[in-house]
Amino acid sequence: MGMWHDLLVPLQYDYMVRAVVVSGLIGVVCGFLSAFVTLKGWSLLGDALSHAVVPGVALAGLLGWPLAAGAFLTGVLATGAMALIKVKSRLREDAVMGIVFTTFFAAGLLIISLTPGGVDRKTIIFGNILAIADRELLQVVVIAVVTLVVLGCKWRDLMLFCFDATQARTLGLPVVVLHGLLLVLMSATVVAALQAVGAVLVVAMLVTPGAAAHLLTDRFGRMMWVAAGLGGGCALVGAYASYFFDGATGGCIVTLQALVFGVVFLWAPRHGWLAERRRARGRSGSGKAQEVRL
Amino acid sequence: MTTSFHHSTGDLRLEVSGLGVVYANGHRALSGASFSLTGGTICGLVGPNGSGKSTLFKSMMGFVRPSAGVVTINGGPVREALKAQVVAYVPQAEEVDWDFPVSVWDVVLMGRYGAMNFLRRARLSDRLAVEESLRRVSLWEFRDRQIGELSGGQKKRVFLARALAQGGRLILLDEPFTGVDVQTEEAIIVLLRELRTSGCIIVVSTHNLGSVPEFCDQAVLLNKTVLACGPTASVFTEQNLTAAFGGVLRHFHFERSTIQSHDGRSVKIMTDDERPLVFGKDGHLEYKDREGRESLIDERRRRETEAER
Amino acid sequence: MNLYTEPWWELFGYEFMREALVVGVVVAAMAAVLSCFLILKGWSLMGDAVSHAVLPGIVLASMLGLPLAVGAFVAGLGCAVASGFVKRHSRLKEDTVLGVIFTGMFGLGLVLYSKAPTVLHLDHILFGNILGVSRAQVWQTALIGVGVLSVVLARRRDLLLLCFDERHARALALPATALHYLLLSVLALVIVVSLQAVGLLLVVAMLITPGATARLWTDSFDWMLVVAVVVAVVSSVSGIFISYYVSGSTAACVVLVQAAIFLLSLMGSRWRARRFRGARRVP
Ligand SMILES: Nc1ncnc2c1ncn2[C@@H]1O[C@H](COP(=O)(O)OP(=O)(O)OP(=O)(O)O)[C@@H](O)[C@H]1O
Ligand SMILES: [Mg+2]
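Chains as they are written, first to last, in the working numbering: chain F, 575 to 868; chain L, 679 to 987; chain Z, 11 to 293.
Treat the hints as calculated values from the structure; they're not laboratory data. Honestly, I wouldn't trust all of these hints.
So the derived label-pair ranges between C-beta atoms look like this [as the list claims (entries may be wrong)]:
1. Z:Arg145 with F:Gly691: 32 to 40 Å
2. F:Leu848 with L:Lys761: 48 to 56 Å
3. F:Lys696 with Z:Glu16: 30 to 38 Å
4. F:Arg852 with Z:Leu141: 51 to 59 Å
5. L:Glu916 with Z:Arg165: 54 to 62 Å
6. F:Leu658 with Z:Arg28: 23 to 31 Å
Heads up, the beta-carbon is just placed ideally off N, CA and C, and yes, glycines get one too.
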């Protein structure tokens, strides 16, 4: 009785309820998108974008702009810089991304350290959904709704783009537009997720649900739904649990996601580690042969 | 079987004139390549490694920007033809993520996206087209397999099916026969013949010199430029091939002293691949090592003689 | 405010500044040497991942009263090993797996930190605190630095082959697995040592940018090592000075100076390329 009572305490607070609902929404949107991000191999890009928006957020906080506007601006700038440097040098893509995002991130941290009255460093790095302002809340909801609508209409085109861009061009689809669309959706959700889990952990929201879902199904449509469910569920529960962990919302959400991933990795019916071992020992006749990966 | 879902009818024309391609690293892969093809033909594209076959395909698709010359399809630019779903292309090597969570059915259905509405919801006609294409490459039983769980040859057939489902009338196949067993190769050739009958242009690059005279009406010999083009019989001469391959080919001379020859003929075999091209006294002999092929060859002979008449 | 206007050479008079410079230089040199290998092996993300993954190790170590460096090292190596395991036994791409695991570990670190009854400064772990190093830390950094540098430089040919073509290394019967783990351990060690100087959020910059800059200057690996070390040391020293004068984050200043040098090198290499091509065109 006492324990149940303790567990229900967070729901007595409006700010907690609000944080839980908003986190869930962000989790669902990021989950949908994570299906594309993991399959396209854009995990590192997600990480890069989430760090590159930091100076934008810091500046927007100083100038009184909406955070999303500043974040979006530097996100686009960083993407452009990465593309430019990649074309102009012979460096590998991952190195170029690393250089650009650390530079942007460092610039953001410098701005924050130079302006003590501006945005709080902790808010940007770890998020602060428990104290989200109404204006930011509105931004998050708008971003979420727009992203969901766009994905609902165009997910098949984006899937083809991720799977085989050459074929998309052969069919006369506007590949450049699709590429840009996916980038824009990603930057927008990064901005939203920043509020919930902070710059360092955004990439988890954009990768972990998709990775777990990929181990659970062989159909893209289903994978998208599974990822959205996992993302939303973990965000809901994690935000709720953070009440008991000193408000470390981002840490709770992401730890939960990683735990779910761990469970899926071990026990996924077809692509899990235990299933693979079972097959390797030949107890189950069906299924695909174990492949050796390098 | 009819090709019910192939889009517009009417005459199809592919024209490549003065095409030159220079890659970003300064390598000149093609220069001054010109030829033209009209509807209802299978054209073999032949040349050694690095002669620019794949480059030619890519510039026909607008994937590499030519430094000189133009490609027109039905008199218009390539981009419009792509929009109108006229062109289907199967690249030499599909560089896709084989763990991608899509089934064979999904992949072939993607071939229809260009013809679908804004939301890309499959209609009955799309599903029928996919089913017909899958049956034609005999992969219907595999439709629910995840694409990574197929053999190399089956994967190739999936992408061929996707091109078929798209219903393009200009079909570009970059080395469709590498890594494909004899039976499948024959099946593909039969398929290409059907497409030709329905007025498509099919351009096929291959290293199987021996099979080119068998199923291609026309041939283009390529080595950084077009060395010869036209009806296969006139293109596939020993002289032209030697010029194109410049000593790359294996030559085997069987003179009277080396083989027991009953009719006193001398035979010369040139090959770039496992299927040799066999030259006799007057031009190439078709390669008749397998049963069931003779009819195809005879048919082509008959057509040739009719054309001559 | 006269503290901030004194000429830079007088700063050497301060003990804390001398110690900061020593730590900065050693860390920069170590990270720069390693960055040359990471660039060639395509391990930028690995550096990012390992650096984030040390957090739970540090928090746990401080809860258990162990040396923080030990906890950090074990956690960092654990992240790399776990990612390798998951990668080998699943259909996921390497960057995805790394992303899942390092964020999970970092998140766990934050959760643990919220429950840790310790005097651990999260800020110092994340952002570094080079102006506040202790004498013992200077010695620790210098010793590890010399050790790491000598091991890596002595085995640089083998490591280079491993980075360039792992299969070939195996074909030559080199102990590729051992070398792989050697490189990983060195990576974890360098990150642990650098935490003091730049903090775990920006360590990855030290592990990418110097090597990339050097790659723009030269095609020879030995020269790459030299250029990378010079670039890193120069940016480290000037970054520390700049941060002192503007009283901003030290790590951020070091990283930004590195980025500026990278940008100048990139423009320089374009300019050289253009001049070279122009010269070729003239017969
Ligand atoms: N992306 C590229 N950048 C630079 N050079 C290229 C590129 N792609 C091809 N080349 C060069 O262009 C030439 C033609 O290449 P292409 O792929 O068209 O040859 P191919 O005839 O298809 O050969 P194969 O029979 O091996 O498929 C080759 O010398 C090749 O090295
Ligand atoms: Mg080719």
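To see whether the hints hold, each was checked on the structure:
The hint said 32 to 40 Å for the Cβ distance between arginine 145 of chain Z and glycine 691 of chain F, and at roughly 36 Å that hint holds. Taking the beta carbon of each, leucine 848 of chain F and lysine 761 of chain L are about 49 Å apart, inside 48 to 56 Å as hinted. Under the hint 30 to 38 Å, the C-beta atoms of lysine 696 of chain F and glutamate 16 of chain Z, about 33 Å apart, fit the expected range. At roughly 56 Å, the beta carbons of arginine 852 of chain F and leucine 141 of chain Z sit within the given window of 51 to 59 Å.
At about 58 Å, the beta-carbon gap between glutamate 916 of chain L and arginine 165 of chain Z stays in the expected band of 54 to 62 Å. At about 40 Å, the beta-carbon gap between leucine 658 of chain F and arginine 28 of chain Z misses the expected band of 23 to 31 Å.
Violated hint for the displayed structure: number 6, the only one.
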